[in-house]
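For the protein sequence lines, the chains are E and G, in the order given. Mapped onto our numbering, the consecutive letters of the first sequence carry residue numbers 1 to 56. Mapped onto our numbering, the consecutive letters of the second sequence carry residue numbers 1 to 344.
Source of the hints: derived by calculation from the structure; they are not laboratory data. Note that the Cβ used here is the ideal one computed from N, Cα and C, for glycine as well. Incorrect hints may have been included.
[To be verified] Footprint (simulated), chain E over chain G, 3 or more residues, beta carbon under 8 Å:
{"#": "1", "stretch": "185 to 197"}
{"#": "2", "stretch": "252 to 266"}
[Claimed, not checked] The following label-pair restraints were derived from C-beta to C-beta distances:
{"#": "3", "chain 1": "E", "residue 1": "5", "chain 2": "G", "residue 2": "337", "range": "49 to 59 Å"}
{"#": "4", "chain 1": "E", "residue 1": "19", "chain 2": "G", "residue 2": "254", "range": "41 to 51 Å"}
{"#": "5", "chain 1": "E", "residue 1": "16", "chain 2": "G", "residue 2": "337", "range": "27 to 37 Å"}
{"#": "6", "chain 1": "E", "residue 1": "24", "chain 2": "G", "residue 2": "219", "range": "39 to 49 Å"}
{"#": "7", "chain 1": "G", "residue 1": "134", "chain 2": "E", "residue 2": "3", "range": "32 to 42 Å"}
{"#": "8", "chain 1": "G", "residue 1": "204", "chain 2": "E", "residue 2": "17", "range": "29 to 39 Å"}
{"#": "9", "chain 1": "E", "residue 1": "48", "chain 2": "G", "residue 2": "140", "range": "51 to 61 Å"}
{"#": "10", "chain 1": "G", "residue 1": "297", "chain 2": "E", "residue 2": "45", "range": "19 to 29 Å"}
This is what each chain is made of:
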Amino acid sequence: MLTTICPECAAEITLEEQTEISEIIVCSDCGVDLEVTSLDPVTVQLAPMEQEDWGE
Amino acid sequence: MANVSIIGGSGYGGGELLRLLLGHTQVIVQQVTSRSHVGEYVYQVHPNLRKQTQLKFCDPSTLQPVDILFLAQPHGQAQHHIEACTALAPKIIDLAADFRLRDASTYEKWYGQNHAAPEWLRKFVYGLPELHRAELTKADYVSGVGCNATAANLALMPLVKAELLDLSQPILIEIKVGSSESGAEGNPGSHHAERANVIRTFSAFGHRHTAEVVQEMGIKDITLTMTAVDLVRGALATAHAQVKQGIKIKDLWKAYRAAANENPFIRVVREQRGIYRVPEPKILAGTNYADLGFDLDETSGHVVSMCAIDNLMKGAAGSAVQCMNLMMGWEEKTGLEFAGLHPN
C-alpha cells in the first residue's frame, strides 16, 4: 500500500496502486492538491491551487 | 419504549424537541404542557407537526409519571419546582439555564438573583456531550446548554483540549445569531420592521452565556460579543486567541481532526474548493451538527476558530436528545441523523 503524509495537515494519505509520478492527488482531510514527486518512497508536495477573491 | 413528557412545549425549543421526539424510535411522547395553550392541538402552535401527532397541550397539574421528563420552560421557572419534577420521573433534562452553572454565587453574579434551589446545581451534569459524554451515561439530571455558549465552547474545545492556547492572552469570541434565539415571545426589538435586515451588536460584554464558557473551558479571560443578524436559525462563533509559541497549522489540524473523530456531530470544514470553505449556519438548519473551522497566522500566533450550529438543535433540543440517548444507553445519534438541506 502506498502511503504518505500530507504536508499541509499531516493526515495519512493512501495512494492508489497505479498512481504515477507528477500525478495530482487530493488530500481527503484538508482538500489541498498534491503533486506526487516520488513513488519509492512516496513523496508529495503542495501543488498550486487557483485562489478565489470572492469579489473583494 | 420509554415514555417522555415535556413541560413547557409551546416555545421554539419545546417545539423543536417535540419534532425530534416524535421521530425518535425509542420514545413515546406522553404529554406536553402549556398553561397558555391548554386544550389546543400542538400542531396549532407548531404547524410543522401537523399530521405528526394528535397530542394536545395539557395543564402541568395533570402530568403523569414518565421515564424521562423534559423541562422547556422559560429560564427561572424550573428551579422553583424541581422537587415536584423529580417525583414524576427518574431522569430529567432541563433545556433552560436554571441548572447549567455549578456554583450558586456564579449564578447570582450572571443572572442577578439568588438561585431558588442551589442544592440541586451540583446534581446536574452540563448537557454538552462533547464535553461530558462519560458523565452523561451515568446521569439522572442533565442541564440544557446555552446556544451561544455551545458555539463558543465547541469553537474553543479542540484548542483547549490539545493545550495549544497561550492563556496569558485574552480570548475574544464574536457570535452572530439568528432571531429564533430570543424565543417565541415577541418584544419591540423582534418586531419584523425592526428585526429584519439587521446586523446589530446587542451585547458587547456581559452576555449570560459567558458564564457557561468560563465554567466549561476553565478559562477566566473570555469575552463574548453578541451580534444579531438577519437569520431565523443559526449561530456562528468566531473566536480570536493566541497559540503557544511554535504551534503550526499541522498542530491545529491534529487537534480538530481528533475532535471530529471523537464526536459524531463534530465536523471540520476547512475546504480548498467550492463555495462552503468555512463553517456556515446556513446549511445546518434542522441538523445536530456543529461545523468547526480554523486558521492560524503562524508568524504572530493569532488563531481564529469558528463554530457554526443551528441554535435550536445543537444549541438546545438536539443536544438534549443526544444527552437522552447517552443517559438511556441508546446509540448516540438516534433520532438526530438529519443531514440538513442544500440549497436552503
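Results of checking the hints against the structure:
1. 185 to 197: violated (count 0)
2. 252 to 266: With 3 residues close enough to chain E, the hint holds.
3. E:5 x G:337: 49 to 59 Å: violated (32 Å)
4. E:19 x G:254: 41 to 51 Å: Violated - the Cβ-Cβ distance for residue 19 (chain E) and residue 254 (chain G), about 25 Å, lies outside 41 to 51 Å.
5. E:16 x G:337: 27 to 37 Å: holds (31 Å)
6. E:24 x G:219: 39 to 49 Å: holds (42 Å)
7. G:134 x E:3: 32 to 42 Å: holds (33 Å)
8. G:204 x E:17: 29 to 39 Å: Violated, since residue 204 (chain G) and residue 17 (chain E) (Cβ atoms, about 58 Å apart) do not stay within the stated range.
9. E:48 x G:140: 51 to 61 Å: This hint holds: roughly 57 Å between Cβ atoms.
10. G:297 x E:45: 19 to 29 Å: This hint holds: roughly 23 Å between Cβ atoms.
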